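Visitor: Chains as they are written, first to last, in my numbering: chain G, 1 to 306; chain H, 1 to 311.
Since the hints were derived computationally from the structure, they do not count as laboratory data.
These figures come from a predicted structure and were not determined experimentally.
Take these hints with a grain of salt, some might be off.
Unchecked claim - Partial list, derived from the structure: chain H residues whose beta carbon lies under 7 Å from chain G:
no., residue
1, Pro-45
2, Ala-195
3, Ile-200
4, Gln-203
5, Leu-204
6, Leu-247
7, Tyr-299
As the list claims (entries may be wrong) - To list a few chain G residues with every Cβ distance to chain H over 12 Å, as calculated:
no., residue
8, Ala-79
9, Gly-245
10, Phe-280
Each residue gets a CB set at the ideal place from its N, CA and C atoms; glycine is no exception.
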Amino acid sequence: MNRQGLWGDVRKNKTLLLMLTPAVLFFILFAYVPMAGIVLAFKQFNYGGGIFGSPWNGLDNFRFFFESGNAWTVTRNTALYNIAFIIVNNVLQIAAAILLFEAVGKWFRKLSQTVMFLPYFISWVVVGAIAYNLFNYDVGTLNSILAAIGLERIDIYNTPSYWPFILVLVSAWKALGYGSVMYLAAITGIDTEMYEAAEIDGANVFQRIIHITIPNLYPTIIILVLLAVGNIFRGDFGMFYNMVGNNGLLFSSTDVIDTFVFRSLTTSNEIGLSAAAGFFQSVLGFATILLANYAVRKYDKDHALF
Amino acid sequence: MSAVMTTEKSNNAPRGAGKKQMDRLLLTVLGYVFISLLAIVCIIPFLLIISSSLTEESTIVENGFQLLPTAFSVDAYALLFKYPAQMLKAYGVTIAVTALGTLAGLFLTAMTAYVLQRKDFKWRNKFSFFFFFTTLFSGGLVPWYLMIVNYLDLKDKLIVLILPMLLNVFYIIVMKSFMSSIPEAITESAKIDGAGDFRIFIQLMLPLSKPALATIGLFIALGYWNDWYHALLFISSENLMPLQYYLYKMLGNMDGMRKAMVSSGAVVTMNIPTESLKMAMTIVATGPILLAYPFIQRYFVQGLTIGAVKG
């Protein structure tokens, strides 16, 4: 009876099911089978056996990953960079959105928004070219300015300590337009009656911003930040790889889990190590996303991911 | 909120209108200065690249890159367009991948979203979760890479630049929420007239979803145009290099640049203006986006706003 019921449902919905088939196949091939392939972290990979046929080797890959000392460095870097990005990017974006809304004229708002959105549209490769133009030792703009005013050149590409600042700036630069549009949309949605009430009550613009605009942005801020926190162990591979590349001198302060996994896979061909680091990242990432979502749910059920 | 307002009222009551106008002025000045600074920081790198690409090579070697070209020269562009074979190939790959990927990806995104928003579809929540779960957990780079290289055998094939980016759960969700805002009555009457689900999707839903299709299509197209990652992982043949990956190669590898120039017909011993050439290549690879940007920007803003409102 039950089976017949299922068959009946399948037949009734056959067109809809057929329409879903390509997407289902896509996610099985590119997401679910690789998900099962996570067992590779506990295997000694060989090409003959493939993902599922290679022999098990217990925790050897993990031992290698943690004992090499890389695990701590890349995990710390990934988390610290993401925390810095979340704070700096959001503060800048909120400030820009508030000022775009409150302080400047329509024409200027449109123009500056267009300009600020531009970095979002270019590839990380082009950002890498821009970094080269700015920071190169011999011909970089920064160094030519320093040289022109009689100061010492800075060897940026060989000095790890500059890079946290550079990477935070680059991230802020690329994300500014996108984020400020999001926040601007949220500000535009604030009930104008509140502003009118404040006006009648004699509040000045700064009081209005602090007591009306910003509190009304809290839901948006909290949700965007919590969701970003959920991804704190996912490094932006495109950014790190194009800014730093395979410049090992900088790894102490720039290597994140994603670049480490990539190098282990492609450069040193250590598939087991790479899979173990990937497994570590996936599990850690899954746990943080669940936690972040739990926090969003507590705050506002409607905005939780699930 | 009202408590806050009343305390403020008592604070502000003695203040005059002049004081309030001063505050307004202060904020306006602050706004124009701060926003101008941000906008300048955002645009200067682009001006630097353009200016550097138009500067005489010897000047760059001597004085470095500069914001204003002191010794104007179009040598780099002249050289690029004199031996354009490799570059044109890369352009061809990128245009083909972007066009095919965007069309197929957009169609599949819309079709999937259509089914998921059908309220009478019994398993809509189960399938929605099936798609959504992939954004929460992934097997990581290695199994995915091995799947594509060893099992699907897609290495060094054009399709590897299209297939892995075809669908994105976030776009499906945005599309789905757009479609569910279309009144059901419209499809209901077509159903009574006996139209099948697929026909309703093609003939009714697609035309009604044009705004969302435009926005998501542009997001997908931008993703394909700017993609270099899949080429980095899977492409080794020079004939299949997309534009951004070609640029990446040239930036990191002067020998490679020389070789590409030579294979395009340049003389080996020729003096190649490497620095300005790098910058000219960057401009040529970004050009179409920079040109299209003013016209397509508002669709992105629209799309973000849809996403922000619908969560």
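Visitor: Against each hint, give a clear statement of whether it holds in the structure.
Guide: Comparing the hints with the structure gives:
1. Pro-45: holds (4 Å)
2. Ala-195: violated (11 Å)
3. Ile-200: Cβ of Ile-200 (chain H) sits 10 Å from chain G, so the hint is violated.
4. Gln-203: violated (14 Å)
5. Leu-204: Result: violated, 14 Å to nearest chain G Cβ.
6. Leu-247: Result: holds, 5 Å to nearest chain G Cβ.
7. Tyr-299: Hint on Tyr-299 (chain H): violated, closest Cβ of chain G at ~12 Å, above 7 Å.
8. Ala-79: holds (17 Å)
9. Gly-245: violated (7 Å)
10. Phe-280: Label violated. Min Cβ-Cβ 9 Å, cutoff 12 Å.
Violation of the numbered hints given earlier is confined to hints 2, 3, 4, 5, 7, 9, 10; the remaining hints are satisfied by the structure.
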